[in-house]
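Listed in order, the protein sequences are those of chains A, W and H.
Counting from 1, one number per residue, gives the positions in the first sequence under the numbering used here.
Counting from 1, one number per residue, gives the positions in the second sequence under the numbering used here.
Counting from 1, one number per residue, gives the positions in the third sequence under the numbering used here.
Take the hints with a grain of salt, since some may be wrong.
[What the hints assert, rightly or not] Pair by pair, the computed Cβ-Cβ distance ranges are:
#	chain 1	residue 1	chain 2	residue 2	range
1	H	PRO173	W	MET67	33 to 41 Å
2	H	GLN302	A	PRO105	55 to 63 Å
3	H	PRO382	A	LEU104	30 to 38 Å
4	W	LEU71	H	LEU20	50 to 58 Å
5	W	PHE163	A	ALA106	46 to 54 Å
6	W	MET67	H	GLY36	36 to 44 Å
7	W	MET67	A	LEU265	50 to 58 Å
8	W	LYS7	A	TRP67	46 to 54 Å
9	A	PRO422	W	THR224	43 to 51 Å
10	W	PHE163	H	ASP307	20 to 28 Å
The hints are simulated quantities; they were obtained by calculation from the structure and are not laboratory data.
Think of the CB as a built atom: it goes at the ideal place given N, C-alpha and C, for glycine as much as any other residue.
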Amino acid sequence: MAELQVRLTAADFEPLHTDQEIHSLSRPSLSYWQDAWIRLKANTRAILSLYIVLGLLAFTVLGPLVWDVDPAAQDVDQISLPPGADRTATIVAPYAPWSGGSVLPAAEGLRLAETPNSENVRLLWDPVPGAASYSVYRSLFDVGEDRALGLPLVDLFGADAVRFEDRLDLSPRTYHYSVLARDADGTELDFQTLEVQVSRVITAEQALERGLIDSLNDVQIGDEVLMPLHPFGTDYLGRDMLSRLMHGARVSLFIGIAAPLLYVLFGVFYGSTAGFIGGRIDQALMRFADFVVALPFLLFMILFKIAFGIGPGESGILPMLVALVLLSWPATSRLVRGQILQIREEGYINASRLLGAKNGYLVVRHMIPNTMGVILVTLTFAVPSAIFTEAFLSFIGMGVAPPTPSWGSMCNEGIKTMLTTPHELIFPALFISITVLAFNLLGDGLRDALDARMRSTE
Amino acid sequence: MWRYTLKRLIQGIITIWFIATATFFAMHNVPGDPLINDRSVTEDIRANLEAKYGLNRPTHEQYLIYMGNILRGDFGISFTQKNRMVNDIIREHFPVSAILGILAVVFAGLGGVLWGALTALYRNRLPDVIIMFLVILGISVPSFVVAAIAQLTLVNLNDLFGFSVLPVAGWGTLWHMLVPSMVLGLGTMAYLTRLMRSSMLEIVNSDFIRTAKAKGLPPTRIFTTHQLRNAILPVITVLGPSIAAITTGGFVVELVFAIPGLGRYFVQAVQQLDYTVIMGTTVFYGAFLVFMVIVVDLLYGWIDPRVRLE
Amino acid sequence: MSDAITSEDSLTRAAGRQLLTFAFFAIAGIALLMVGLAWASSLTGAASGGNNAVDPETGTLTVFLREEPPQLNSSLSTDQVSGSVLGHVIEGLLRYDEHNRLVTAVAERWEIREHGATFWLRQDALWSDGEPVTAHDFVFAWKTGLDPANASEYAFILYAIKNGEAINRGELPTSTIGARAIDDHTLEVDFERPLAYFDKLVAFSTYAPLREDFYLATSGAYGADADKILYNGPFVIESWVHGASLRMRKNPLYWDRERAKVEVIDFAYITSDANATLNLFKDDKIAYATLQAENLNNAMEQRWHIDRFMDGSVFYIEFNHREGRLTANHHLRKAMQLATDSAELVYKVTKLPGYLPGESLFPVWLQGVDGYLREEYPANYPAMDLEQARWHLEQAKAELGIDEFPPLVLLTGDNPISNIQAEYYQQVFRKNLGLDLKIDKQIFKQRLAKMLSGDFDLVLAGWGPDYDDPLTFGDLFASWNLNNRGQYRNPELDKWVRVAQNEQDTKARMDAFGEIQRIIIDDAVILPGYERGVTYVTHPQMKGMVRRAVGPDPDFTNAWIEG
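If we strip away everything but chain A, and leave its shape as in the complex, we get (with noise of 0.2 Å):
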């Protein structure tokens, strides 16, 4: 092995000179928080969700601003409109008793007193010999060969039940009226069947207290005028759906942002506690955290939401919030605990412990930022399960008290006329749906932003 000779000057323990190039960084100094949201930025799919998010803020704070209409207002004549139906209707005089009497043109068998209209029907018919009573039958189809003859609307007694006022529920549409003649056994006798097209019609004082028009005097009997504007369609009372949907999203998004912030905060507090007291408390704290997990979780919230009740007049969303928050805590705080268990032991806080940090310092600087990402995340997961949880509380008819809506309450109304009027299901659903995956994305993207750790590979 040849020997090394190193000879040593002066020279050498000359300082050397600052050299700007090798101390300036190529990119600017970043915090935490922005080097996250550059990772955030780019995720497609996170920001877009972000985006979704904030849409749906504005829809709820913003929406009722824009669309100013009542969602409480019920309009019995405009009931489970789908979006885009047609507006038209007649003025006519307010509704009076029929006498009997017809100013249509006498005719032969089933025939109509008067031109049909969405408040009345009104069916004559010539007595048929030996008949003791009549039913009256509407269907929407066609009666046909099987002798569908649809809604039984009347049995009338008495060979002079010659005529029939029919005002449930009319929409303008084609109706099949049947009338079926019976004897005194019960026996059919004779049938016949009416072809009707009923047209949407509305009094002049009905158009007045809408607003359609300004004084009784603007229009007269047979006037046409266009009934309120629903773009999103009308409920089972003919309330506004856009406007239900602003206002059901109050509900809806304030369960799921209130309780999971309340109950995460709870948590959070709770859980470094824990972790910072550590020994026999931490111990006593986790365990009653273990007890409360341990609740099963639909069976209380059923349960709680009863015992805190409902005052006349409350919509019970906070009882509901309170249940929320009294059962969905411990998950936080022992993840919290953990985490807090977890940075303790971990070497920079050593490292920076041994520079003379402070407790304060600590928090502040390591433990804080360092479990926020997960704080986050949580929060951005609790926020769907809150939604469904408000939601399946409406399903078992122990959710909001009406006439307050919810996306919730309304889905679950939705579901009953889920084949005759399938937008009254579709528009809650579709904003639930969005809602929570919003927050799922984000949420997912969150985690991949905030702790490299958590990252998922995508």
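Got chain A sorted already, so can you dock chains W and H onto it with the hints?
Relative to the frame of chain A, chains W and H by itself:
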């Protein structure tokens, strides 16, 4: 191991006591009266009814009596299902909920692993896109909507074929179980698929897979023994709590599909303020949940030797 | 580089194959598991369904129950579902036939006097264990119903029997009951006071017989299971799987075997979910299903046979008449009465054919002197008149000395129909009178508790008939009636109720009901909403199903399968 199990069991028993106490006092604070009915009765009859159910004693006394009865395994008699023991109600209806729950969890677990693995394998290709779309649907549509739509689909399917392919509602045979349990497991399946997918992708890039490849192991071996097995672990962790959540959360499916499970009884009991049934089901479900968590924890230690119990 | 891709692809392919195997095993495993679970569930006996709605071969009719019968002890049962089931398997002295006429059942003939009645029982009426049904069984059943220890909620219906009320209050022993068996087949009853409609009462299930030895042998669990009931009706319960199904078979020992036309009535589903029953009907699994307003269009599209009937009950808003309540004010109630239009509620909100706009406390089907009560005594309900309503409101304000009404509390249940109505009324009173209503939605028992304690201003309530006499509605607002939850007190009304209770002459009684109706409308004691109808679809092959307002409903005893 035994000491750990024993400790967990003791903790479990304390937890059940906690649940029973919490339920008891929550319930007795519910405004309203379990003995009221549509037709009002006289004071005397009311007093007789109160005596029959022991409601004439002070609450704390009722609590002690109730706890004593629970210790003897007696949940009392139902308020609404007159003359029926709550024990009988649980014994007859819990198996139904449990069967539904087990099947749902199996569907969710197997399905989640399968779809998750598939999506990870065919990342960003067509199968991935299709499955992930379905997963998103599964996560974001409320279960009662899914259940209603599933039932409607069944009806139309049967109508289309002209005979009963699958029953629309009810309980009893194999075929009754299929669709309800799938609906019940759907949300969990979707969640597990996502979990499995990301866990698979994480593992594909890990060192030991690279080592295995470098060693020249056959791809089949790599996939089963290394990738799949390691990727399943997080799925199993999540599975434990979801078993309990699914079994106790089957109300919606039970209501929609007319299944005589315990969940339906609970909802009904709450609406009727049937004290004994509420208590019985909550305590029983709580015990079941606690037990399942212990079992899963023990199982986990067995599957993954790296996890040291305690 | 290309090499890497091939290796990656081969891995994918291999993994794909692996997954396929995995999937295969998974499916096989699930199948196996399901077979195992199906076997396990058959052990628990919770089986339901499978049959078609009608099976002419075996004479099986498959239908559903709205809910699980809480109990089938005829002397204690109170609800409609139990009533419907009991109507098939238990028979009292008299019963209603398919035309809703009172006919003989266990009693062969009967005689009602001013102070009592005698029933002669038929010899061939047997219990399902072969023993004859005797007069003692009725006396025992009535004692059971009245025994305060049993706390029967329907004991009041037995108060017609002498000493009934005193026994039920515990003032007299059960042995003092005014009913005795002269011999095995002769039953004599003394009345507490003259009674014109005792024959209608004995058709009620609380009056059905119970056999003492069997009853005592069940040690308090009578009616809790299929084998803990003794039957004497046209059917016996073959199996009762709680919460799942209830299956009836023709009773071979029934005295009038011709009456039951089908062999088996299988209540194969127990569900109150309207969508589920409708889907089952569409799938040909049940022979009838109830329609909600939302399903009507679909039912028409399916070209189903749609039927309707009035279930006999009336629904209304009940005011709180307690002192100090705003609603105790006559003018306020009048204002609200004149501001509502029940026709709008029925035609635009409930939307079901068969519902009738409410006008009176008495429903239209009640019999009067010769015809219908409501035809003989028209309600003359005031039409909506906003001007007058507002005048009454001003009067009310003046009387109460307030400028503005605080919001009134409208108590309601948690079912969807009452929610819709509550929302509707809220809007109506806001629009027409400027009155605000707060909706107080409570679960069943909480709502009842609040009604009883008077913690409401208005409540959505209803009343169904217990027996076929106007008195079942007529005494509702008598000051002593416990079900008068608004505590309406009016000596004049009380006077007419007493007349209706004690008078023997039909005309005089009906006049009294006419007066009661007038007072209730004039004083706006309630706001009638509607008389409820039920719209339902039936299987084209099932005929003869009976729906009725009083008595077991639905009744399949006379039903048969065509074709």
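Checked against the structure, which of the hints given earlier come out wrong? Structure breaks hints 2, 7 and 8.
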